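With chain A fixed as given, assemble chains B, C, D and E onto it according to the hints.
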Amino acid sequence: MADRDDAPRSSSSASATSRQRRSRLAREPAIGAPPGTLVVDGAAGERCQIFVIDYCAEQVIEKELASIDEVVAYLEDDRASITWVDIRGLGDRHTLERMGEIFHVHPLALEDVVNVPQRPHSDPYLEQQVVISRMVQIAESGNVELEQLGILFGKGYVVTVQEEASRDCLESVRERIRRGKGGIRSAPADYLVYALLDAVIDGFYPVLEDLGERLEDLEIEAAAAPRGVSQKIHRIKRNLLDVRRAVWPQRDMVNGLLRDESAHISKETRVYLRDTYDHVVQVMDMVETFREIASGLMDLYLSGVSNRMNEIMKVLTVISTIFLPLTFIAGVYGMNFDTTASPYNLPELRWRYGYPFALGLMLLSVLVLLWFYRRKGWIGKASLPE
Amino acid sequence: MADRDDAPRSSSSASATSRQRRSRLAREPAIGAPPGTLVVDGAAGERCQIFVIDYCAEQVIEKELASIDEVVAYLEDDRASITWVDIRGLGDRHTLERMGEIFHVHPLALEDVVNVPQRPHSDPYLEQQVVISRMVQIAESGNVELEQLGILFGKGYVVTVQEEASRDCLESVRERIRRGKGGIRSAPADYLVYALLDAVIDGFYPVLEDLGERLEDLEIEAAAAPRGVSQKIHRIKRNLLDVRRAVWPQRDMVNGLLRDESAHISKETRVYLRDTYDHVVQVMDMVETFREIASGLMDLYLSGVSNRMNEIMKVLTVISTIFLPLTFIAGVYGMNFDTTASPYNLPELRWRYGYPFALGLMLLSVLVLLWFYRRKGWIGKASLPE
Amino acid sequence: MADRDDAPRSSSSASATSRQRRSRLAREPAIGAPPGTLVVDGAAGERCQIFVIDYCAEQVIEKELASIDEVVAYLEDDRASITWVDIRGLGDRHTLERMGEIFHVHPLALEDVVNVPQRPHSDPYLEQQVVISRMVQIAESGNVELEQLGILFGKGYVVTVQEEASRDCLESVRERIRRGKGGIRSAPADYLVYALLDAVIDGFYPVLEDLGERLEDLEIEAAAAPRGVSQKIHRIKRNLLDVRRAVWPQRDMVNGLLRDESAHISKETRVYLRDTYDHVVQVMDMVETFREIASGLMDLYLSGVSNRMNEIMKVLTVISTIFLPLTFIAGVYGMNFDTTASPYNLPELRWRYGYPFALGLMLLSVLVLLWFYRRKGWIGKASLPE
Amino acid sequence: MADRDDAPRSSSSASATSRQRRSRLAREPAIGAPPGTLVVDGAAGERCQIFVIDYCAEQVIEKELASIDEVVAYLEDDRASITWVDIRGLGDRHTLERMGEIFHVHPLALEDVVNVPQRPHSDPYLEQQVVISRMVQIAESGNVELEQLGILFGKGYVVTVQEEASRDCLESVRERIRRGKGGIRSAPADYLVYALLDAVIDGFYPVLEDLGERLEDLEIEAAAAPRGVSQKIHRIKRNLLDVRRAVWPQRDMVNGLLRDESAHISKETRVYLRDTYDHVVQVMDMVETFREIASGLMDLYLSGVSNRMNEIMKVLTVISTIFLPLTFIAGVYGMNFDTTASPYNLPELRWRYGYPFALGLMLLSVLVLLWFYRRKGWIGKASLPE
Amino acid sequence: MADRDDAPRSSSSASATSRQRRSRLAREPAIGAPPGTLVVDGAAGERCQIFVIDYCAEQVIEKELASIDEVVAYLEDDRASITWVDIRGLGDRHTLERMGEIFHVHPLALEDVVNVPQRPHSDPYLEQQVVISRMVQIAESGNVELEQLGILFGKGYVVTVQEEASRDCLESVRERIRRGKGGIRSAPADYLVYALLDAVIDGFYPVLEDLGERLEDLEIEAAAAPRGVSQKIHRIKRNLLDVRRAVWPQRDMVNGLLRDESAHISKETRVYLRDTYDHVVQVMDMVETFREIASGLMDLYLSGVSNRMNEIMKVLTVISTIFLPLTFIAGVYGMNFDTTASPYNLPELRWRYGYPFALGLMLLSVLVLLWFYRRKGWIGKASLPE
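Residue numbers (the working numbering), protein chains in the order written: chain A, -18 to 367; chain B, -18 to 367; chain C, -18 to 367; chain D, -18 to 367; chain E, -18 to 367.
Just chain A, same shape as in the assembly (with noise of 0.2 Å):
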């Protein structure tokens, strides 16, 4: 009921130019293409990158395969070994078609692998089941980078899509197959793909840590207020709202492996993931308590910057209220009344100490101010430059 045919290129062309855009949002077919269309951006010519590793109790085969089809010999062979197909980019509609083919894989999951990015969450199929995961990285840009991991299993084989053939986190569980630690090599598919998910949470806890220091950081800087703070932390809260639209489906697909009667999943394999559940929920406890630190953090620096607003009018108010009675008192000595005319015109003038005394009546208003100031506590130790 479904077809793969060539019609949407248009779209994915036009949004090839809004590149970090798409990776917000999803990468959607056309509006109304039936379901199970691929989306595949053949013009930029990326090939998909393919590993295989197979492995059993006693050996480990780990190979990187020209074509998707050489994987058939691997499925064949030994029933007995687990082989995992690791697809990088997604690139090459061929190869995916070609796979979606060999491991009888439904349309509707086949779409949900390659038109990143889907929501997280795990459907059972009647031959497998598809989990789609989130992982997350900080980019070189200091913003946090999320990619899609796609998940297809079944009995004896597991197959991975990654959007982006350069690095992931999962080089830690192939360390695992090759040296053979932790029974994951005598464990079913379905251990390997907890393996797997458990990588991915795990990925959450340096990135999470980085922006922990980050907004401790600031927390320094929001007290003193300069430009910029604020920024920085909508910055910081724009990158745990991307963890959390991450996280939070997150949770409810493993709770869904968790509680779902899968055929595909042992009770054994439960009791792992139930494990895998409480570090999901951690890290989902440590975005909300992050969150509202940031909040928090910006609340702290508009306070910063109204205190700093009041300082900087203490400081115009204190020196304009000083000099100008100061600069009064100056004027009314310099009006030209005609003393001769009467002795009520500016009798100071011709005092004999007439200069010293308005120097005088300055200085008592000074200090007139100044006591006042600082009664009003605007003036002491803290105004002062530190």
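Quick caveat, the hints were computed from the structure, so don't treat them as lab data.
Predicted model, so just to flag it, every value in this text is computed and none were measured.
Hints are not guaranteed to be accurate.
In this list, chains with the same sequence are indistinguishable; a pair is considered to hold if it fits within one copy or across any two.
Lysine to aspartate or glutamate pairs mimicking DMTMM-like chemistry, simulated, CA-CA at most 20 Å apart [what the hints assert, rightly or not]:
1. 162 <-> 78
2. 357 <-> 202
3. 162 <-> 82
4. 357 <-> 292
5. 213 <-> 223
6. 248 <-> 108
7. 136 <-> 249
8. 44 <-> 156
9. 213 <-> 202
10. 136 <-> 50
11. 162 <-> 39
12. 213 <-> 273
13. 213 <-> 200
Below, chains B, C, D and E alone, put in the same frame as chain A:
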């Protein structure tokens, strides 16, 4: 138990003057009108456009009908074909009532479909299921525009009723039927309903992308805090509220279709609706994330405004307090004390270097204040015009 | 187990002085009064108005009764007709108590109906069901006014008890009965209850439209941030809180009628109540949306106030800092240094072009500052009066 | 498994110095004390007051007891009567422990009743039910005061334990028993419990009315934004938080009594408790509404403060900028350029109408600025003192 | 399926430099490490302290062990006694691993107990139950410090694992065992677990009392709005977030113990846990209330800052605008118009009472402005220094 009379005419003509408002609230019949009362604005003289697409695996007939009565032929001739009747515009009472009779529509179902806007929901009736959905698009004004799509379907037929005749997001579905792609032509009527709902939900993505782009533009603007940004943020928030109000009930609606043991939806179609459900939830996630970003932007903007105020105050303070002492010194030496009356009266005026001494005094006061402000960090590279 | 005494008279007369407040809180009997105590403000001397509409498919009898006892005749004469007794006003203890006796009302049900306001809810009793609802309208002051509508119904009769005698939103239902529209005359009593509740909920729409229009008007005002807008926004928020407090429990109430296996509501009527439920939820959606808009407006207003402050400060800063240097220069050349005492004392005063030189100096300082402010973007077209 | 020792004396005497705080947090035994440890502040020397009301349909005996042991007689003499033992004050360890023995109270139930404050809840035990409730009143300071009411009841008896000996809101229930109103004398013990809980909940209404009145007063004050309003709003918010913390768990408590299949509450009493439940929910609604209003008031107040700042700034700006040009012009004609040295040096000084010309110049500058400010809307009727 | 290797050494030594951060996030093994990997910071050289209390109704043995192996003797000798092994400090890998072997601990359970912090939760395993809890105390810095308490228990034994060797809140439980109070010595192991959890929860009360006192102090400070209050409020908010993050999952944890049909907890103990559950909920209520108060304080503080700004602006405005007209008048009579050239040129200068006239003019302008400001309410008793 329902009647279809022309009583509420006065109510509808009154509300005709407040068009855009009505589109936000409900086009309700007069208070207490019997259920099933159709509110049709007959004065407007609008006619409905009626399109029919009758298809089966072998052939497709597509035609615009002059009268709703012609549809009977399509329904009767061949039970194996699916008949999709698409009515656009709600201005013709006769057509709508006749449609109700032809398809044996329950009065409440007919009211839901005709009296827009209703809250998106889905109700099963004996012979058919009614689904109320909401289509979204960006109007030329840049605001989000919502339009109701009512769907009535039963065995072998689907009736869609749209508010406006102009444009919709269902063209892609028609195209799939015409080209016979994706197996839609051999699927039953409920699969067509799924295809329509999926197209409707997919229609939210470009709208959210547009809002997302505007938010990103505002993110850059907000820090500079020019006038008018707050209105722009407010407008986006309102649009997001509109989208949210459209999408939240659609989640319940799709979920209802998924869960209810409705006789009108087959188990195969439910698998596809599960996918639609994931998309609705993803849209909701985006809306909530955008709403949080918009709130954060408002904070950012307000902190920008405060920062600018600080900047202005600093300039005022620095310039005022530098010139006040200068003016005061000038004022002192502008006093008219009689220097001949006593040697204490402004002896500086007769000094050889009296004027340079006064200028030196002024320079000193400027330097002291500049040093003070630089220590406070008020002047420096940052406070000069960039 | 209930008594109806005249004890709480003092409490009710005390509360008579705080009328508008009582309408917000509950007209409760004295603390610890036995259940079923009726709080009737006998001193007010108000009488109840009693209207009866007795109808069946063939005929309608509508009459105002002088005494509640007359109603017995309508109840007994013909069991096939539906008797709707409409009591308006709560000032007549005898009538209310007698009504309780005639219809065998449980003391708690009678208390709920008489001691307003009660939280909207619905309780089944053996012989009848009691429904407490809330009607809404815009008072002349522009504020929302809530009035309780108590409904008691059983086989063949419906008793409604309204707080105020004046006006209600049930006239349309009476009209439908009189004109026999919509099959209401041949439906059982619970259908009349549905019709009443539907009319009550429909009565929320014009109120919300009014509030919506006021919000839109404020949206335009808020940006200009004149005084008094914050109070207007606050008043709308309070009205929305009142509406919300009225509508939230009505949802539970309608839902309760829908779900409960009450013997008093037939399956056919439930289908109609489902429609009413959708409308209540739509009203709630609108209220929540309006509340969010109102909150956004407050932010918009505050940012407008800040912007205006910035504007004022800019004018002060620009004008002050332009004139301060000018005044200083004038002050310098107003100093009285003895130009005859030395060539260093203000030689400019005796220059041929001394005055033009001073004016030139002033012009220069103005130009420098104007250039500075234009670079900062403080002056330009935007800062001039529009 | 519980012991009642005098160990935590030190802890309780320490906490005696922080009376008002203890009333907010819990009077807990020393950390890790065994369950059932009673925290009695023996040093305070307070005694309990013990009142007993023993009633049946025919007679009422009301008496203050000297010792808790006297109660045994009432319990045993006649099983048909209901014995209500009302203990006021928590200062007498012996009485409380003895009461525990007489009524066979589970140690945990006794701890709940004695160690105040506990969270309102209700727990069924084998022989009796314990209900912890919270009474509220307005203290003389105007703040809300909460007091715990512990209720233990079983067949034929009700024991109430109050924190303070002084006043309570249960007098009306006693009066009903004395006067035999409302059938309370012929009802079982659980009906008395309902009557007590209903009186407790009714006691919230006058408190909320008081807070509501204060909010309304503040509503008028807030717009004028005098100092101290923010503290008043904050105080009301705190009081509302206190009420909320008291009423939320009471809802769960009443709901628990309603739903639990407790053997201690009869079906008839449940009907009455349903009414109490509606009242608790109504109180909660009010508290939440008041909290929202109080939050809105804070916004209103802050906008009032900002408006006043604008007002002040306008006055400063208008007056400053009007006088600055004037002073400048005066300064120019106060310069001492030698008018004899050249015709370019201040020729105005020797003009016949030089002084009027200068005055005219000043007037012109004033008019220009006034026109400017009027166009900006800064001056007019609104900015004059009212 | 788990291995215990020394691989993640590098990760743990890296994180040793960021001590306080680690205490906030989780001490996780390297990403993707197999489940059950213990993260032990061997380089730190810390040793575990091991205490054992073996008790039955008749006797108590309390001892510090040199090696975990000695515990086997206590477990085996007498099955009727309860053995409580208390391990403090997480620095000794061997001890922790050996403990895992002795008690047959599931790798995931061991990981939960050792790799701190884990989210509080409780998981049943076949032979034992693991409970992760969080203890709280106020550090010397005044901040809240959280420490994990892991509890493993089965038939006849309880193992507790604490993060830090120093101090805990369990001493009171030990004292109860030593003195045989409250029947703890004759109760089974799960009752000891209840006693430990109850002590942990009781430990939250003094912390909250401390925070409550600080909030009350800040309440007085906030209105005066001195600098630094916002930081203090922020710090309390952060502490409350920490407490909240510790206490929320504990509610679920205790609830889980209450509800789960775990074989490790007897029905009798559940009654006591119900009491603990009430306490956890009470702590949560307090935390939420405190959080609301802290938010309110921030508003109070910001309104205080705004009020102070108003105060400053008023002083500036009053003083500036009083002296500006004075200076202007003085300036006018300082102009040098040639009074001999025309009778229109400043005739006042030659008046007999010219100077008194000028002074009178100044006095008048002062009086007018004072009257204006008094009418506006800007000056009066309130604006003078208190």
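Evaluation of the provided hints:
1. In this assembly of identical chains, the alpha carbons of residue 162 and residue 78 lie at most 20 Å apart only when taken from different copies (17 Å versus 34 Å within one copy).
2. In this homomeric assembly, residue 357 and residue 202 come within 20 Å of each other (Cα to Cα) only across copies, at 16 Å, whereas the closest approach inside a single copy is 29 Å.
3. In this homomeric assembly, residue 162 and residue 82 come within 20 Å of each other (Cα to Cα) only across copies, at 19 Å, whereas the closest approach inside a single copy is 33 Å.
4. Both within a single protomer and between protomers do residue 357 and residue 292 lie at most 20 Å apart by alpha-carbon distance, with minima of 14 Å and 10 Å respectively.
5. Proximity of residue 213 to residue 223 under the C-alpha cut-off of 20 Å is restricted to the intra-copy arrangement: shortest distance 15 Å within a copy versus 23 Å between copies.
6. In this assembly of identical chains, residue 248 and residue 108 lie within 20 Å of each other by CA distance both inside one copy and across copies; the values are 18 Å within and 17 Å between.
7. Taking CA atoms no more than 20 Å apart as the test, residue 136 paired with residue 249 passes inside one copy only; the shortest distance there is 15 Å, against 24 Å between copies.
8. Proximity of residue 44 and residue 156 under a CA criterion of 20 Å is satisfied intra-copy only: 14 Å inside one chain copy versus 44 Å between copies.
9. Both within a single protomer and between protomers do residue 213 and residue 202 lie at most 20 Å apart by alpha-carbon distance, with minima of 10 Å and 15 Å respectively.
10. Proximity of residue 136 and residue 50 under a CA criterion of 20 Å is satisfied intra-copy only: 19 Å inside one chain copy versus 44 Å between copies.
11. Taking the closest pair of Cα atoms, residue 162 and residue 39 come within 20 Å of each other only inside a single copy of the chain (12 Å); across copies the shortest separation is 48 Å, beyond that limit.
12. Proximity of residue 213 and residue 273 under a CA criterion of 20 Å is satisfied in both settings, with 15 Å inside one chain copy and 16 Å between copies.
13. Taking the shortest Cα distances, residue 213 and residue 200 sit within 20 Å of each other both inside one copy (11 Å) and across copies (12 Å).
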